[in-house]
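Colleague: From first to last, the protein sequence lines stand for chains A and B.
At position 36 of the first sequence the residue is numbered 36 (my numbering), and the sequence of numbers has no breaks.
At position 543 of the second sequence the residue is numbered 543 (my numbering), and the sequence of numbers has no breaks.
Just so you know, the hints here were simulated from the structure itself, not pulled from any lab data.
Because the structure is a prediction, the values reported are computed rather than measured.
There's no promise every hint is true.
Straight-line Cα separation of at most 25 angstroms, PhoX-like style, residue types lysine-lysine; simulated pairs [stated by the list, open to error]:
no., chain 1, residue 1, chain 2, residue 2
1, A, K145, B, K566
2, A, K145, B, K298
3, A, K22, B, K371
4, B, K231, A, K22
5, A, K145, B, K234
6, B, K517, A, K142
7, A, K145, B, K371
8, B, K244, A, K20
9, A, K18, B, K244
10, B, K371, A, K100
11, B, K519, A, K142
12, A, K22, B, K298
13, B, K231, A, K18
14, A, K20, B, K234
Derived, one-sided and incomplete: chain A residues facing chain B with beta-carbon distance under 8 angstroms [claimed, not checked]:
no., residue
15, E23
16, N25
17, L26
18, H31
19, E61
20, V62
21, F65
22, F69
23, L71
24, G84
25, Y88
26, R122
27, C123
28, G125
29, G128
Just a sample of chain A residues kept apart from chain B, beta carbon distances all over 10 angstroms, derived [said to hold, decoys possible]:
no., residue
30, K5
31, V16
32, A43
33, L102
34, E107
35, T111
36, Y140
Cβ coordinates follow ideal geometry from the N, Cα and C atoms, glycine included.
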Amino acid sequence: MTEEKKNMQQEIASLVEKWKDKEGNLIMILHELQNYFGYVPRAAALELSRALQTPLARIYEVITFYNFFKLEPPGKHIISLCLGTACYLKGAPVLLNEIKTLLNIEEGQTTKDGLFQLDVVRCLGCCGLAPVIKIDEKVYGKVQKNQVMGILSEYSEHQKEG
Amino acid sequence: MGQTIVFIKDTGLEGDRTKDFYAAFLNLLRENSLEEKAQVVRVADIGIYNQGLVVKFPEKDVTYVKVGEEDLKEVVAKTVKEGKVIDRLLFKEEPKQLRIVLRNCGEIDPENIDEYIAKDGYRALAKVLKDYKPADVIEELKKSGLRGRGGAGFPTWLKWKLTHETQDTQKYMICNADEGDPGAYMDRGVLEGDPHSVLEGLIIAGYTIGASQGYFYVRAEYPLAVERVEKALKQAYDYGFLGKNILGSNFSFDIDIRLGAGAFVCGEETALIASIEGRRGTPRPRPPYPSVKGLWDKPTAINNVETLANIAPIILKGGDWYSSIGTEKSKGTKVFALTGKVKNSGLVEVPMGITLREIVFDIGGGMLSDKGIKAIQTGGPSGGVIPKEYLDTPVDYENLQKLGSIMGSGGMIVMDEDDCMVDIAKFYLGFCVDESCGKCVPCRIGGYQMLSVLNKITESQGQIEDLDKLKRIALAMQKASLCALGQTAANPVISTIRYFEEEYRDHIVNKKCRSHKCKHLLNYNVIQDRCKRCRVCVINCPVNAISGDKEKGFFVDPKTCVRCGKCFEVCKFNAIAKE
Chain A
1 MTEEKKNMQQ
11 EIASLVEKWK
21 DKEGNLIMIL
31 HELQNYFGYV
41 PRAAALELSR
51 ALQTPLARIY
61 EVITFYNFFK
71 LEPPGKHIIS
81 LCLGTACYLK
91 GAPVLLNEIK
101 TLLNIEEGQT
111 TKDGLFQLDV
121 VRCLGCCGLA
131 PVIKIDEKVY
141 GKVQKNQVMG
151 ILSEYSEHQK
161 EG
Chain B
1 MGQTIVFIKD
11 TGLEGDRTKD
21 FYAAFLNLLR
31 ENSLEEKAQV
41 VRVADIGIYN
51 QGLVVKFPEK
61 DVTYVKVGEE
71 DLKEVVAKTV
81 KEGKVIDRLL
91 FKEEPKQLRI
101 VLRNCGEIDP
111 ENIDEYIAKD
121 GYRALAKVLK
131 DYKPADVIEE
141 LKKSGLRGRG
151 GAGFPTWLKW
161 KLTHETQDTQ
171 KYMICNADEG
181 DPGAYMDRGV
191 LEGDPHSVLE
201 GLIIAGYTIG
211 ASQGYFYVRA
221 EYPLAVERVE
231 KALKQAYDYG
241 FLGKNILGSN
251 FSFDIDIRLG
261 AGAFVCGEET
271 ALIASIEGRR
281 GTPRPRPPYP
291 SVKGLWDKPT
301 AINNVETLAN
311 IAPIILKGGD
321 WYSSIGTEKS
331 KGTKVFALTG
341 KVKNSGLVEV
351 PMGITLREIV
361 FDIGGGMLSD
371 KGIKAIQTGG
381 PSGGVIPKEY
391 LDTPVDYENL
401 QKLGSIMGSG
411 GMIVMDEDDC
421 MVDIAKFYLG
431 FCVDESCGKC
441 VPCRIGGYQM
451 LSVLNKITES
461 QGQIEDLDKL
471 KRIALAMQKA
481 SLCALGQTAA
491 NPVISTIRYF
501 EEEYRDHIVN
511 KKCRSHKCKH
521 LLNYNVIQDR
531 CKRCRVCVIN
541 CPVNAISGDK
551 EKGFFVDPKT
561 CVRCGKCFEV
571 CKFNAIAKE
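Could you build all of it, start to finish, from the sequences and the hints given here?
Modeller: The structure is reproduced here in structure tokens:
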């Protein structure tokens, strides 16, 4: 635990050092923190508040305003289901239901085993492939309801082998 | 001797026979012992539609259309073997698309500045720094008639002039690349395909308004775009297009990247400024406009990606050239993200004034299925729907506004008879309610109330007074919201009521959704003639709403039924009716 804490302090100190001369640096530091931890842990936000001499409330006000920042650790595989207009018209709501049923989670939640996290996103910017699901960095286009199970099982099998 | 590359694609309406033509082509080559000489490539999209088999020789810039199997022999014998062009088959139609913003996309390696320079890149910047005073740039832009491509269509020259004229020791220039409209990805296309074109525009803008610092505000959800912009910036510094005394002039300019963090409202300029300052992205009342008090209270100009990508061509070819394209008040081209129920979705760049029909049917290749077109949605959550009766309207800022929609950033979504207009209105409004920053009451509460009325209507609880209520709240939002998000959030509702009031009434009075989208208004029933009494629906129904026996047949009890649609899905004999 102390080792972890030390690492965190070092990481934050180096980030603050990198950005300290730039005005309006808070959002950029949060981006880098989230890149590093996968989310913004409360301990890191506290540490950051000390390092920047900014009230914690100021930092939380920003984290909670922007959809991109997460306060909870992410699942191992992140499913981003696109609900942009094109995907919506081409059947994304059906896919969403299918995933929810298969994994037994709601949007924004992580499965109990921590394997999948289901996020709904507004547009992945590849509307030509609608409807689109992105799992981690891989994009699946023109997905049909009956393919969802197969796609998800690719990831659970990886898990077994690994 | 090198190989000739041949692209082929069957664009006929009767199913794609590219595979057959491909085999025939290869056979002919083999018969003529030419298989070493040509490499035939089956392409997924060749940019021409409904013209039968299209054969393209990209190196020669020769394209044949409506090539029959007989013609194919001639193509092999003459063009492949002897290099002769067959006039009879040549593709003659004027191309509908005109690429200014997308001029280099797909043509050059976006990560290589040399390729951009080879395409006249940074020549406009050199020209400006050598021969133009800021006022000259503004004059050229005024002649061009370029208007902001972010949505509102504010004249770019005026924005630059106002910022240029405000006196201050420090000014800022910002590129707004926080593209957030669902169903639109023009900026992403440009940033990933040709980042230098935007960068060059941004540097020229910085010079014109007198800024020494610029910012690229890029959406964090576009990691590749961020990466390419980062690379482009580094290369531009290495080549001396950024930094101190650019190209030996007195002008010095630095650019930093700032990442957005997933807030639609940050497309609004004052909210974007707040976000760059590291705060919550909430808008503030204007005036003072950013041209007077912007980033850190200094004069600031903010332009959209597409606007900036237009700058270099205008400088090189002149404002008069640019203003010769388009309509009286809307000049140049516009990039649209054509998506939805259209055969070929993708980015298209067209001159202003082209009709919606040309975009959807000539460029987009028509509808995806045999369901007829119902409407086109433009402008994303701030826009409206345009019904099929207006397909022949020339597209420009004014016309779209007259029809109750807006140009917006360029999303264009084609909808067919399967799409319910009440549902669409609900979808867009839901987006704006989600994305409302919550600072001002009309937007925060008005949007929520409208959404609950729409929910009521789609859940069969609607009353006829609700239509008036929607209109009243919409008016309040339009008049009293702080920023464009709230002012325009009601547009999708208003425009669907304007053109499809019948459909709303159907939902409210007859409790029917003719597109079968609103599930609370659906009724499931067993079609007795088709039913094979297999009981699959009975077993799968989660609420045991289906009863009966093999003798009498099965029936759905509408009171117990939760409209989940499971029976409809599991029935192998299409014996469940949904109406």
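Colleague: Compare the structure with each hint and give your call.
Modeller: Each hint, compared with the structure:
1. A:K145 x B:K566: Answer holds: K145 (chain A) to K566 (chain B) is near 13 angstroms, not above 25 angstroms.
2. A:K145 x B:K298: Answer violated: K145 (chain A) to K298 (chain B) is near 52 angstroms, above 25 angstroms.
3. A:K22 x B:K371: Not OK: K22 (chain A) and K371 (chain B) at ~55 angstroms, beyond 25 angstroms, violated.
4. B:K231 x A:K22: 20 angstroms, holds
5. A:K145 x B:K234: 44 angstroms, violated
6. B:K517 x A:K142: Holds. K517 (chain B) to K142 (chain A) sits at ~20 angstroms (cutoff 25 angstroms).
7. A:K145 x B:K371: 21 angstroms, holds
8. B:K244 x A:K20: 23 angstroms, holds
9. A:K18 x B:K244: Measuring from Cα to Cα gives roughly 22 angstroms; hence the hint holds.
10. B:K371 x A:K100: 30 angstroms, violated
11. B:K519 x A:K142: 23 angstroms, holds
12. A:K22 x B:K298: 16 angstroms, holds
13. B:K231 x A:K18: 19 angstroms, holds
14. A:K20 x B:K234: Holds, because 21 angstroms separates the two Cα atoms, which is no more than 25 angstroms.
15. E23: 7 angstroms, holds
16. N25: 6 angstroms, holds
17. L26: 4 angstroms, holds
18. H31: For H31 (chain A), the interface hint holds, since the closest Cβ of chain B sits about 5 angstroms away, which is under 8 angstroms.
19. E61: 6 angstroms, holds
20. V62: V62 (chain A) check passes; min Cβ-Cβ to chain B is 6 angstroms, inside 8 angstroms.
21. F65: With a minimum Cβ separation of about 4 angstroms from chain B (threshold 8 angstroms), the hint on F65 (chain A) holds.
22. F69: 6 angstroms, holds
23. L71: Since chain B brings no Cβ nearer than about 13 angstroms to L71 (chain A), farther than 8 angstroms, the hint is violated.
24. G84: Holds: closest Cβ of chain B sits about 4 angstroms from G84 (chain A), inside 8 angstroms.
25. Y88: With a closest approach of 6 angstroms, the Y88 (chain A) hint holds.
26. R122: OK, holds: R122 (chain A) within 8 angstroms of chain B, min 5 angstroms.
27. C123: This hint holds: C123 (chain A) lies near chain B, its Cβ roughly 4 angstroms from the closest one there, short of 8 angstroms.
28. G125: 4 angstroms, holds
29. G128: At 4 angstroms from the nearest chain B Cβ, G128 (chain A) passes the 8 angstroms test, so the hint holds.
30. K5: 26 angstroms, holds
31. V16: 13 angstroms, holds
32. A43: Given a closest Cβ separation of 21 angstroms, the condition holds.
33. L102: Since the minimum Cβ distance to chain B is about 15 angstroms, L102 (chain A) lies beyond 10 angstroms and the statement holds.
34. E107: Given a closest Cβ separation of 12 angstroms, the condition holds.
35. T111: Non-interface label on T111 (chain A) holds, nearest chain B Cβ at 22 angstroms vs cutoff 10 angstroms.
36. Y140: For Y140 (chain A), whose nearest Cβ neighbour in chain B is about 17 angstroms away, the distance exceeds 10 angstroms, so it holds.
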